[in-house]
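In order, the protein sequences belong to chains A and B. The working numbering puts the first residue of the first sequence at 1, with every later residue one more than the last. The working numbering puts the first residue of the second sequence at 1, with every later residue one more than the last.
Hints listed in this document are in silico derivations from the structure and should not be mistaken for laboratory results. It is possible that some hints are incorrect.
[As the list claims (entries may be wrong)] Pair by pair, the computed Cβ-Cβ distance ranges are:
| id | chain 1 | residue 1 | chain 2 | residue 2 | range |
| --- | --- | --- | --- | --- | --- |
| 1 | B | I132 | A | D214 | 30 to 38 Å |
| 2 | B | G124 | A | V175 | 44 to 52 Å |
| 3 | B | F64 | A | A216 | 49 to 57 Å |
| 4 | A | Q36 | B | Q195 | 34 to 42 Å |
| 5 | A | E218 | B | P117 | 57 to 65 Å |
| 6 | B | F41 | A | A126 | 45 to 53 Å |
| 7 | B | Q195 | A | I104 | 27 to 35 Å |
Ideal Cβ positions, reconstructed from N, Cα and C, are used throughout, including at glycine.
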Amino acid sequence: MTSGITRYEKAAVAAVAVMLVAGGFIFFYAPTDALQGPVQRIFYLHVSSAIAAYGCFAAVLLGSIVYLWKENLAADRLARAAALVGLVFTTVTLVMGMIWAKPIWGAFWTWDARLTSTLVLWIIYAGYLMVRRLADPGRQAARFAAVIGIFGFIDVPVVHFSVTWWQTHHPGPVVINNALPLEMLVSFLVTMACTLFLAAVLVAIRYRIEVLTDQAAEKTVPAPIVAPSEAGGAR
Amino acid sequence: MRTISIALAVARKDLTSEWRTRELVPALAQFVVLALVIANFGFQFDSHNAPAIAPGVLWMAIVFAGLVAFGRAFAAEREQASLEAMLLTPAAPAAIFAGKALAAGLMLVICEAVLLPALALFFGAPLSFDVISAVLLATVGMAVLGCLFAAMVARVRARELLLPLLTLPLWIPFIVVGGQAVQSAMSGSGGGTGQATSLLIDLDILFVVLTSLAARFVLDD
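Hey, can you work out the whole structure from these sequences and the hints?
Structure representation (structure tokens):
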């Protein structure tokens, strides 16, 4: 606090630097796709942010289960922080996908299994955050949200396997199937590592904000009850 | 065994109070018929496109009637603060929840018993065993999920707003699978209904188990 730069600020700067490195790989190292042209470069961040979103929602699931099991406040804060960050990464995935789809498919959106299930994922976690806001803060909001965090995660495997379960326009898994040339694979892995780091930093910062919010709430609640007598006693 | 008798008692209480007031079911029945009237204007029905559009209209009507039915499931308990009294008894929250879901589900089934013949009458949609079984199987899963979130939003601000927001995304699997089953049954192709039926049963088992585990955390405070 006194040194001016907190470790959260350092981590944020590091995350930005790391994302710039990923940008370098995407734009200068990875070759241009023979068929799709430069638009294909969207792939690196699109898939990475989808994986980061999966990771965040897995953290929400974990935090939710641990909270319901042990009533552990830290687990609830982790779920809260990860849900917001996961929603941001889902938004990035959807928007980047739409930008890619316009030149390749000719339309921003098709009602394809993967697109639809991803949109549903977005709506579920938006609902999660909505419940946090509307329920009585504290135990009730945490419990209700935890239930949604557990139910909502059912959609994550649906999104992931939608390309194999249904016939879709969406490209199937290329990384696991070794369909990428080496430079593209390296660029993808670098981007994925950088995006996961960014997600971790964002969750950590958000977690810190949740801690401070909780502390502020604890401080402000008893104030109107204690203040008059204390003020009178001190003088 | 005790769980089942408690659930049946709670369900009987809800159904008795509905029978005495006759509040929800007639209103719901009117609601689904109105939904068909609105659909008629929205889609420009004729004898050719009716079999293609009728399944969509059917599921739209069920979904919105379900939202109303489950939204009301906990309304009376909230107004009388009787849910707290029920939770004070040694009955397991999961049993109370099962009873509420059973009663609300049955009311939705009654409303479907109006909707399906009306659909057949007004739009000439053929009714078959496959259609009815798909609708009933989907109702089971929709009822447990709808009741779980209804119990949740009953204690939350802006509950009318939040219930569809939470429930609809999780109902989508039932609408996807049930929609496919009804579509193939109504178009007469018949293929795929067996697979859809078994998938609906799987989904029902999954969500009945999950909601009965989660009920404790939503009801108990």
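Each hint tested on the structure:
1. Checking the proposed 30 to 38 Å range against I132(B) and D214(A) shows it is violated: the Cβ atoms sit about 51 Å from each other.
2. Against the hinted window of 44 to 52 Å, the Cβ-Cβ separation of G124(B) and V175(A) comes to about 50 Å, which satisfies the hint.
3. A hinted range of 49 to 57 Å for the beta carbons of F64(B) and A216(A) is inconsistent with their spacing of about 41 Å.
4. In this structure, Q36(A) and Q195(B) meet the distance hint of 34 to 42 Å, their C-beta atoms being roughly 36 Å apart.
5. Between E218(A) and P117(B), the C-beta spacing of about 58 Å keeps the proposed range 57 to 65 Å intact.
6. Range check, F41(B) to A126(A): Cβ separation about 31 Å, and the 45 to 53 Å hint is violated.
7. In this structure the supplied range 27 to 35 Å holds for Q195(B) paired with I104(A), their Cβ-Cβ distance being about 32 Å.
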